[in-house]
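Undergrad: Sequence:
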Amino acid sequence: MAYPSPTDRRISALAGHLSGVSPSLAMNVCASPTSSSSRGNSVFDHLVQAPEDPILGVTVAFNKDPSPVKLNLGVGAYRTEEGKPLVLNVVRRAEQLLVNDRSRVKEYLPIVGLAEFNKLSAKLIFGADSPAIRENRVTTVQCLSGTGSLRIGAEFLGKHYHQHTIYIPAPTWGNHPKIFALAGLSVKTYRYYDPATRGLNFQGPPGNNLSNIIS
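Under UniProt numbering, the first residue of the sequence shown is numbered 1, with each subsequent residue one higher.
There's no promise every hint is true.
[Stated by the list, open to error] Subject to a maximum C-alpha distance of 16 Å in a straight line, what follows is the list of computed EDC-like cross-link-like pairs (lysine to aspartate or glutamate): (1) K119 to E107; (2) K178 to D53; (3) K70 to E82; (4) K123 to E135; (5) K178 to E155; (6) K70 to E81; (7) K119 to E135; (8) K178 to E52.
[As the list claims (entries may be wrong)] Label-pair restraints from in silico Cβ distances: (9) D129 to K106: 34 to 40 Å; (10) K106 to G199: 43 to 49 Å; (11) A132 to H162: 16 to 22 Å; (12) V69 to I111: 49 to 55 Å.
Just so you know, these hints were derived from the structure itself, not from any lab. Predicted model only: the values in this text are computed from it and were never measured. Yeah, the Cβ is synthetic: ideal placement off N, Cα and C, and Gly gets one too.
From just these sequences and the hints, can you work out the full model?
TA: Right, here's the structure in full:
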């Protein structure tokens, strides 16, 4: 019988503390999937593996490709001439400023997030001179990255907005339609790109362009 290491016990104790479960019970909970799965009766045996993300799969294929002239067009991220991850100098300077700012603390933020970040984000998106900003008609809530923001927004619209149809661009990330559908919204798509003009699609087929969606 294999006994948990001191590191495993410390992790278990921390998990128990955070969840309100005793360390001994937490250890049993943590250890049970491994032991039960080996017997073929895991509580997660019924789970079905989700299909691979087709966009992120481009990076997987890129990493396996031996071609010396390959280009990865699947993920929008900066790269050096050698194809290595690139961190912009302005980002490094901003990070250093944050590290050296002794006035910053690690307390919990308010429920809507960092107020200054919210205010500046709204001005960046709508424009500082936007009527919506000037008339105080914008409410901003800080969420967890892009997917987290979409999920919170979808849940809010699904519960509080009378119109349950939402339009999303095609193509888009594979998880976006699922996020809105799981929130009870009816998902429709539109083509935002016009290959003829190489610009935004305002004149496409009825019901499938930006003009129809906006109106």
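Undergrad: Run every hint past the structure and note whether it holds.
TA: Hints versus structure:
1. As the CA atoms of K119 and E107 are separated by approximately 20 Å, the hinted pair breaks the 16 Å bound.
2. Our distance criterion of 16 Å between C-alpha atoms is met by K178 and D53, whose separation comes to about 13 Å.
3. Between K70 and E82, the direct Cα distance comes to roughly 11 Å. Compliance with the 16 Å bound is thereby established for this hinted pair.
4. With a CA separation close to 13 Å, the supplied pair K123 and E135 stays within the 16 Å bound.
5. At roughly 12 Å between alpha-carbon atoms, K178 and E155 fall within 16 Å of each other, so this suggested pair holds.
6. Of the pairs offered as hints, the one joining K70 and E81 holds, with about 12 Å between alpha carbons and a cut-off of 16 Å not exceeded.
7. Under the criterion of a C-alpha separation no larger than 16 Å, the hint pairing K119 with E135 is consistent with the structure, at around 14 Å.
8. Our distance criterion of 16 Å between C-alpha atoms is met by K178 and E52, whose separation comes to about 14 Å.
9. At roughly 36 Å, the beta-carbon separation of D129 and K106 lies within the given 34 to 40 Å, and the hint holds.
10. Here the CB-CB span from K106 to G199 is close to 45 Å, well matched to the stated 43 to 49 Å.
11. For the hinted restraint 16 to 22 Å between A132 and H162, the CB-CB distance of approximately 20 Å keeps it satisfied.
12. Restraint check, V69 to I111: a C-beta distance of roughly 50 Å satisfies the suggested window 49 to 55 Å.
Comparing the model with each numbered hint stated earlier shows that hint 1 is the single one that does not hold.
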